[in-house]
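Since the structure of chain A is already known, use the hints to place chain B on it.
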Amino acid sequence: MAVYKRGYQKYDGPRTSHAERMLVIPRFAWERLLSQKAVTVLMVVALFWPLLCTLFVYLANHSELWSGFGAGFKRILAVNGKFFVVFMNVQSVFALILAAVAGPGLIAPDLVNNALPLYFSRPLNVRDYILSRMLVLAGILGLVTIIPGLLLLSIQTGMAGVDWLWNNGRLFWGVLAGFTLWILILSLVAMTSSAYIKWRVVAGGGVLAFFFFTGGAAEMINAVFRVDWASMFNPSWAIEAVWMELLGVEIPPDRPGFFECALSLSGLCAGLTWMLTRKLRPVEVVK
Amino acid sequence: MSASEIVFSNVSKFYGEVLGVNRVDLRIPAGITSMVGPNGSGKTTLMNLMSGLVHANTGSVMVRGISPRQPERLMKLLGYATQYDAAPRGTTGYDFVQAGLLLHGFPKAEAERRTWAALERVGMRQAANRKVAAYSKGMRQRVRLAHAIAHDPEVLVLDEPLNGLDPLVRAETIALFREYAAAGRHVILSSHVLQEVDVFSDQVILIANGMIVAEGQIRGVREEMSEHPSQYLLHCRDAARVAAMLFEESHIVEAKVDAEARTLLVMTKNRDAFSSALEGIVLRGQEIDSVLPADENVDALYEYLIGGCK
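Those protein sequence lines, which keep their order, are chains A and B.
No gaps in the numbering here: position 275 of the first sequence is 275 in my numbering, and each next residue is one more.
No gaps in the numbering here: position 295 of the second sequence is 1295 in my numbering, and each next residue is one more.
Calculated directly from the structure, the hints in this document are not laboratory data.
Be a bit skeptical, because a hint or two may be false.
Stated by the list, open to error - Within a straight-line C-alpha distance of at most 30 Å, the following computed DSSO-like cross-link-like pairs (lysine-lysine) qualify:
{"#": "1", "chain 1": "B", "residue 1": "K1137", "chain 2": "B", "residue 2": "K1108"}
{"#": "2", "chain 1": "A", "residue 1": "K279", "chain 2": "B", "residue 2": "K1137"}
{"#": "3", "chain 1": "A", "residue 1": "K10", "chain 2": "B", "residue 2": "K1108"}
What the hints assert, rightly or not - Only part of the chain A face toward chain B is listed, based on derived beta-carbon distances under 7 Å:
{"#": "4", "residue": "N113"}
{"#": "5", "residue": "A115"}
{"#": "6", "residue": "P117"}
Backbone N, C-alpha and C define an ideal beta-carbon position, used for all residues, glycine too.
Chain A extracted, bound-state conformation (with noise of 0.2 Å):
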């Protein structure tokens, strides 16, 4: 043995970071993602809303182009809290159809074919595989939301000057938050169907379908029992309640306020990284 020793010598090089490594696995899928035409082609269209929002801004910040619509006409073309809610509603669909599209090739294809075994024989576990595939959609979300929102921010702020931005610090931090909040629902949900459902189109399909039925339910419940509360479990609503609530527009009394409307996400994204989890083991056992 001591002979055999001295033929094996370890690496004792530099390593990179843990952080560094979770890196690798988006890296190589981003790749794959933006090579896909159908995710190109969403991208762009969803940047459309955006320029359409922007030229809003413009002719806010530009009063003389509109002096002869008066008052009524200034309060609509003010840019507040309202619009970016508005901004965000609508650029939220495309992210969710972004999700259906990009969401589905991220987990089904290392579970169908029994690829979780090398990377958890990598100095890799469980959370830190949900965390990196989670950031892939984060990327490719993120373009489509929280870029787009912080840009149309910057224009505004380059428009009004940094005394609106001052102002309006709430805004900053209800856009990156609502937008990042928003992202981890729809990488939880659709990782998750991609976890459950090994069928691309069908996994997409579980996507939207989700959040078409829990709304769908959600508004039942509030029909058939006469109440309001149950429009907390409609994540659409729910997230719309956060937002409204990060950047200082008043929420509807007649629906559930932020706080029940907080609880249920946070219960949707506990259940969801629990389902995550459960699934993803290393090694499948058959029974």
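Below, chain B without anything else, positioned relative to chain A:
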């Protein structure tokens, strides 16, 4: 705890109500160790336990002094290849191996160097930039092996690594295992090609129904199996005459002479007495060209020990 062995101490693993392995006590020294057993016997579970992919319900596993519950440390010294075609079809062989190294934390330049070295080692350099989808089964097997050895592990765990390889590549792969073992590393593999296992393994582990049936060097295991008569193949001028002389001995159970009366298959209950008897026969003027053990191989052990479990 030995830092140069893989040690299983009273390890049991259940998947819900399904038995994986039960009360396994093992010490695996460096070298080539083959796990042999029927499908579902627990071979892959043992491999997964030492790779940290599953954890034992009871007992403990130590891989060269490191617990599989410390993946950051363990994965630096362990390379694992599954039996599945797990490489993504849309990626190239190069990217697949390099991604593994980057996940191990090697800097990009070092990962590139090691990727080429590993692909070269398994004879895949020329096909490195082709998509995995375009590889043959043997090529996919080799790129998986490259993925497992690229970070130069001390412990190589390979599930069915010889499946799908042509004879030449198979020989090269076995040579690679031998080279690894000669450097004092562990090469743990499972295989159904029993004849090959017999030739290149330093020790075998026979598993059935989640339990270790036998372990150690093949000859040593065979010697301990006193309930099964030992078989020898004798090549001699007059096999019929030698058979008649052997039947004078009480330990001889059976002797079969082939049609040409040149070869004799003998079964004896006492190896030492058989050896003495042969000496006596030679001294009495019979010519015996060769004496070969006929059941000191994994095939025979498998049949004796596991055959009944199949």
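Right, here's what the structure says about each hint:
Our distance criterion of 30 Å between C-alpha atoms is met by B/K1137 and B/K1108, whose separation comes to about 29 Å. Using a Cα cut-off of 30 Å, the hinted pair A/K279 and B/K1137 holds, with the two alpha carbons roughly 28 Å apart. Between A/K10 and B/K1108 the CA atoms are separated by roughly 18 Å; this keeps the pair inside 30 Å, and the hint holds. At about 5 Å, the closest approach between the beta carbon of A/N113 and any beta carbon in chain B falls short of 7 Å, and the interface hint on this residue holds.
Hint status for A/A115: holds, given a least beta-carbon distance of 4 Å to chain B, under 7 Å. Among the interface hints, the one on A/P117 holds; its C-beta lies about 5 Å from the nearest C-beta in chain B, closer than the 7 Å criterion.
Violated hints for the displayed structure: none, as all numbered hints are satisfied.
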